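Position chains E, G and W relative to chain V; hints supplied.
Chains as they are written, first to last, in the numbering used here: chain V, 96 to 614; chain E, 22 to 646; chain G, -17 to 79; chain W, 51 to 589.
The hints are simulated quantities; they were obtained by calculation from the structure and are not laboratory data. Nothing here was measured: the structure is a model prediction, and the numbers come from that model. We put the beta carbon where it would ideally sit given N, CA and C, even for glycine. Just to be clear, a hint being listed does not mean it is correct.
[Claimed, not checked] Straight-line C-alpha distance at most 27 Å; calculated DSS-like pairs for lysine-lysine:
no. : chain 1 : residue 1 : chain 2 : residue 2
1   : E       : Lys616    : V       : Lys467
2   : V       : Lys126    : V       : Lys205
3   : G       : Lys78     : E       : Lys183
[Stated by the list, open to error] Quick list of the computed label-pair ranges, beta carbon to beta carbon:
no. : chain 1 : residue 1 : chain 2 : residue 2 : range
4   : E       : Leu587    : W       : Thr393    : 35 to 43 Å
5   : E       : Leu587    : V       : Ile471    : 49 to 57 Å
6   : V       : Ser460    : E       : Lys594    : 21 to 29 Å
7   : E       : Ala31     : V       : Gln305    : 53 to 61 Å
8   : W       : Thr557    : V       : Pro548    : 45 to 53 Å
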Amino acid sequence: MILSILAATPIAGALVLALLPRGTSNHLPAKVVALGVSLVTLALSLAVLAQYEPSDGGYQLTEQHTWIKAFGAHYAVGVNGIAVTLVLLTTILVPIIILASFDDRLPDPKGTNAYFAWMLAVEGLALGAFMATDAFLFYVLFEATLIPLYFLIGTFGGPNRSYAAVKFLIYNLVGGLLMLAAIVGLYVVSSRQGDASYLLSDLKNLDMGQNTERLLFLGFMAAFAIKAPLWPLHTWLPDAAKEATPGTSVLMVSVVDKIGTFGMITWCLNLFPEAADWASPVIITLAVVSIVYGALLAIGQDDIRRLIAFTSVSHFGFIILGIFAFTSTSMAGSTLYMFNHGLSTAALFLVTGIMVSRRGSARISDFGGVQKIAPIMSGVLLLAGLSSLSLPGLAPFVSEFLVLAGTFTVSIPAAAVATLGIVLAALYILIMYQRTMTGPLAPGAMGVTELRPREIAALTPAIMLIIGLGFFPQPVLSAINPAVDTVVSHLGKSDPTPKTPTPIAESSDQAPTAEEGGH
Amino acid sequence: MLDLQWLLIAIPLASGALLLVWGKESDRFGHLIGTAASAASFVLGVVLFVTLMGEGADDRSHAVSLFTWIDAGTFHVEMSFVYDQLSALFVLLITGVGTLIHVYSIGYMAHDERRRRFFAFLNLFVAAMLTLVLAGDYLVLFLGWEGVGLASYLLIGFWQHKPSAAAAAKKAFVVNRVGDIGMALAIMLMFAQFGTSAIAAVNAAAPGATDTVTTSLGLLLLLGACGKSAQVPLQSWLLDAMEGPTPVSALIHAATMVTAGVYLVVRSNAIFDASEVARTAVIIVGLVTLLAGAWIGCAKDDIKKALAGSTMSQIGYMMLAAGLGPAGYAFAVFHLITHGFFKANMFLGAGSVMHGMDDDVDMRHYGGLRTMMPVTFATFGLGYLAIIGVPPFAGFWSKDKIIEAAFGQNLWVGLGALLGAGVTAFYMTRLMIMTFLSEKRWREDVHPHESPRVMTWPLIGLAALSAVGGVLLLGDWIVEWLEPVVGHAEHHELAVPAIVLTLIITAVVAVGVVAAVAFYRREPIAGETPADDSVSLFARAGRHELYGNELNDALVVRPTTHLTRLLVWFDGKGIDGFVTGTADRLGDTSQLLRKPQTGYVRSYALMMFAGVAIVVLCLLAVTLA
Amino acid sequence: MSEYITLSMILFTIGAVGVLVRRNAIIVFMCVELMLNATNLAFVSFSRQHGNLDGQLAAFFVMVVAAAEVVIGLAIIISIYRTRRTTSVDDASLLKS
Amino acid sequence: MRASLMSAELPPIPAPEIEYSLLAPLMIIAGAAIVGVLVEAFWPRTTRFAAQTVLACAAIVAALADTVWVYTDLDRIESSLTARGQIAAEGAVSVDGPGVFAWGILLVFGLLSMLLFAERRLDGGLSAFTGRAADAPGSAAEADAVKRRLEHSEVFPLALFALVGMMLFATANDLLTMFVALEVLSLPLYILCGLARRRRLLSQEAALKYFLLGAFSSVFFLYGIALAYGYSGSFELSAIDTAVTSRTGSETMLLASIALMAVGLLFKIGAAPFHTWTPDVYQGAPTPVTAFMAAGTKAAAFMALLRVFFVAFGGSSWDWRPTIVAIAVITMFLGAVVSISQTDVKRMLAYSSIAHAGFLLVGFVGVYAGVAGSDRVTSVSSVLFYLAVYGLSSIGAFAVVTLVRDSGGETTHLSKWAGLGKTSPVLAGSFAVFMLSFAGIPLTGGFIGKWGVFSAAYSGGFWWLVVIGVLVSALAAYFYVRVIVLMFFTDPVGEGPTVAVPSVLTTVVIGVAVVGTVGLGIIPGPLLDLAQHAGAFVR
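Next comes chain V alone, as it looks inside the complex (with noise of 0.2 Å):
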């Protein structure tokens, strides 16, 4: 009942904002209204955490109605390790973005109550997508992010938004409506072998037949691919993430795109093994294409939101890398990087967002010398952008170095391709930190003032678990990790195990916890 409750809170607090008067002229009941919905879900999250046992590798707190009997849909939501790490994260960042996203200028100023309903809609949605373990309910939450996420771009984005907003919707109707025709077959194939259903556990049981099986993966697999996004479908994120207000980016990017990987994951991972392994070949090559592809063209970007983009297409590609190397190593590694970019990202889509917004211009070029007159700004940005490029100490670090540990103990040149991305991303955090923070400051950069105490109050929150995770990972990992392993358990694979053992495996000094480690 609480995942019910804890999905369908943001949801009536959309509801509630979008009937809330349009009050005064800084619309701040509306604001205040939707940073107390969040922290509720926050808090109810929390509650759900409480309830969790993290050792258990199946899903819990589970919950069951049929709900389209004709389709054999069920509306059963639940949560294992993987969903529950990424509730968590949706919980957490939705009210950094809301108190982040205060002050934003909408082009509107009518639309602030339509702003945060609008976020809030996406929070709920993404939950419903996140805890859904009916194959029906979560396609159709998936899909029905797209609205709220396409009005928060097409209305409160920059001068070139609703361009932005129809190629963000188009192309994830592409490979939504692809996934629709795999959902369809499910379908066919279940109702073919008795009562149709779309419940997760039954459809992992369930013989579609080899040609079958690799079609209805491509279905799923392109709507993830696109959300995710894997090169080359990438193009439409760098477009929508530069229209785009920073609160709508995060939301986008490190929430809702991560049902994307999520989705790979859960569902095309336990509906279709045997396809998963036949496709990874492929899927990793592009997603090692993708790291680098995405680190080189970040590079190149002069415009620091289009720069992020392209930094997330780089991560996404470590995130889609580990989870088709199928080692229980990588693919926790994967979910860990999900959440990590996630808090990673909003760092940096916040703090630069906060930079254009006082410049007036997303160009580097227009920046410099900032960190003289903005030094706590010049500080969040610097250790955003570490982050980012995954600087042991900070939380990336863990998780990419368990993606590229775990893929090199089946692939080494997937791994070693992949390692070059550190160097390039050593690049384009420190360029674009370079040229808008360092030397003389630059003529137009004089309005680019301090943070305010709330935007501090906002990020800290994000700052100090991207510190916090990057030594104490375990709590995370320890609830992934028995859901990673039922997962990899699924697919029939397991580690390779160590090639020349090491004659003291368990030395004195980490033998107490060594044992622990072992599953």
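Structure of chains E, G and W alone, referenced to chain V:
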């Protein structure tokens, strides 16, 4: 007691974090907190060292695991630290020299409004460097490795308003990242091969691994070491890094961080012991860098860059020694420590000179400073004697041992090392002459003066260490001390007795000194750097850092830039062009398809009629075909 | 028997071609009527062929429907004629593309 | 009495047995239409419009209530596991599950359309229909008619006749009835199309085109009937089926018959290449009529199509399926692509209706009849659901169109719609909901509808057609999305559109449509079950 080793790291880390977070009100005393933290760490380091000495020779490796850092799938990493003979020495060096440099910085940075942050970064550096040397797992080592890289980045670019500083900082980080590829891949390989990246476990397993594995591991680690220690081919960042404040150059880019590569090789001795190829590669890298650094040192007029060239060269010695295997590890570490003393000493001296010369770094504008800055001159002089290897100063002992070991390995390697010693003597003498001895060349408005006490006391301390650092070799103490860590060396009989070799070395050094004196006392030194075309090819290449930057530009930077531009174009016109092109085609199709909708009812009827015909024919065709 | 069907087809085709080529709405309409009657011929012929009365019955229905259609059609054509003073179907082409 | 009229040598003609209780919905509507004609003749002019409105609505409500009763009372057929209902009126009408379900949705569409017909608040207290159709546009007589506030209240009985034609069309069990029903539904619509108060030239042109092309197509349909009769010797669908399965007659004649009948039906549903009338007529007709046509005609014609092809020609489905598949693909693609470049809302909706005809054909060609004892979605049930949702959204969308006006009446040029979301967010929001439903976005009924037809096609073995279908859906989504862009993301040009304040009638229509569209997206279960429950056609 030894379990408290984590405090070594925690103290400066906490102090650094505190200084960063604490607001402006801590500006007045922030530097004191920072210095105190470093000093506290040093005191603890001494206490721990004494405790370690009290342990039996075989019980001196003390491991502690704080918590499980990462545990996912089959990957397991403890946040573990090892305090043993090797790391104990490093702890002392880092915290000792570090504390002196903190003290020095109080004076040097006195007028900088961001001094508090400077000390915060210094503290962070110390914490990271200690993490690096205390790490019990390669991944923890990597954490420190990148931590010092970050601190280095922040400190090189400390004066961010200078574009050159910001560029140098970025360059240092990026070049180091290239090395990090090696480190990262090495750790992945360890994980894949041995199922762990704990240093002890890997070293224990390395002898059992295949040649391919150990060679790959060795070469990958060497790549990492090259980045961090500015060894050829990743040397280019170090000279640019001199943009940072001088205490930074002294601490990070002379005494400690840049030697991390050497530490890495020594720490991974089992891997290198198992691979001949990797060892040879280390020797080659060391030898090439040794000579290249010395060459550059001869040609630079910027005092810090000349010293930086020297640093490269000296680290080349250490690398070379490390590449010699068990025969050289101890001497590599020994030279590392003595170098830490005298090079930090000289860098701080250079800083003191700059302090008195209004931050001018061009030696051509110096001259005759010995009278104006007696303490600086005296301490610098001790460092000078140490580095060129005049007995009985610290550098003599360490360098002598390395050259001796090099001859034990291979005649040519030995000759190279010997040549390096001569060149070292040459460029250091040149530096001394241009700065302190020759006639004064400074401009009217500059008033050289001795630095305040807070800066000279550390100089005196370091000078003393430079003078007496050789005591570590007394009775082969350091060799025996490190033996449990790096293994026992077979003694090689040289073709000539050791004492003869020592004499030869000293003679070569003397030749270098004399050559420099002859060269630079013969005629007055020009007040400005002569134009490129008026100097020898040798000098020109040295000035241009042997064209390393140009080479990087041509081989890496420009191709990457072009590739990036090409890809940006491709992304817009190719991939996105395909997408938008498809949309455009559909738009065209739409226009085309609406054409038949003419508004004439007869044409509609015709279309229908045609449709009827087609449907009828289709049905017939399907069935009858 | 098949001669009648053939005739019916010929008439039907003539009607269809008439619809396609004539401009005058009345004539177009008359061609449609011709097609209807061609169909009637077919109905009656088939009725004869099958020996039941259904086809003949159908012919009556068709006639009634045709009459109703005439009423509607002429009404529309006349109202247009009053507006435009022409019965050419080609003039009514405002709605297009 | 009766016996005295009969001559001795003629065989006795038995009195037909009519199942009045089953056919009551048809009778009610037909009766109301006839009463409407009488009202037209005798009721005082001042309140005639209101009286006609009440009569029409009351009749439809009564018929709807009766339909529900009939539906719940349908008997299960012994011989078939899925079919329910029976053949009535001496084999002329098939009162079966799908047919009665179609009655239900047709009556709902009819009711909503009547509410739109009755709206008089938008245009100075007058309805959307011209005061005196006989007047030439722009003439003094027309001005006089306006001055005297004349109104054609005949539109209500006409619409009722059309409605009864649709209902009969959907349930006709023999081809002759079907033809008559086709004409009964078409002829009133031809007239209704020409009755617009504003832009009368266009309206008349639309009527002419619709009439000429409609007549042309129905002749083909009729000739197809003639050939079918020639092939089988009967008009009854089941008899034709028998002939088709036993393959007695000339193959060519059968195929020609199938082709010609398909043409007539495809014309009515607006499938390519028989779609050409759709945009012109949708644009020119008075908007309430367009709404009625778009929803009603398509539903009725589709039911007839399904009935003819599943019941009569089901035995030769291998012959006609490839052709229908091709037509489905062409129709989807053409509708979707051409609508991209449309600048008029009503034309755009017309092309969208063409595209939807294509999607419906995808469900149709699946020819998936389900498996006994399973609840799997069949071609029939999926098409029924789709029709319900599509019709509802269509009526809602056209109702919104009636409200966006300038001094010359409705302003349907898309550029005038720019910024509508800023001036009247609720109205624009409703329109957006319809657009999203058309686009098949989840949480709207359109999505469930798409899912249904695609699953029927997939079940029928056409997975690749489903893939084409989803790709075209994405294409189609583009122009729906473009409308939203225009309404919400674009600033108004000049003064922007004015939105007339509607009376409660139009408000109710839009409200019902929105609630229905969204409701069917979130809780489609009941209606889906109902459609599933309808089962197969009774033969």
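Evaluation of the provided hints:
1. Lys616(E) / Lys467(V): Violated - the C-alpha atoms of Lys467(V) and Lys616(E) are around 63 Å apart, more than 27 Å.
2. Lys126(V) / Lys205(V): Cα-Cα ~13 Å, so holds.
3. Lys78(G) / Lys183(E): violated (68 Å)
4. Leu587(E) / Thr393(W): 35 to 43 Å: holds (40 Å)
5. Leu587(E) / Ile471(V): 49 to 57 Å: violated (38 Å)
6. Ser460(V) / Lys594(E): 21 to 29 Å: Holds: the Cβ-Cβ distance is about 22 Å, inside 21 to 29 Å.
7. Ala31(E) / Gln305(V): 53 to 61 Å: Since Ala31(E) and Gln305(V) have Cβ atoms about 57 Å apart, the given range 53 to 61 Å holds.
8. Thr557(W) / Pro548(V): 45 to 53 Å: holds (48 Å)
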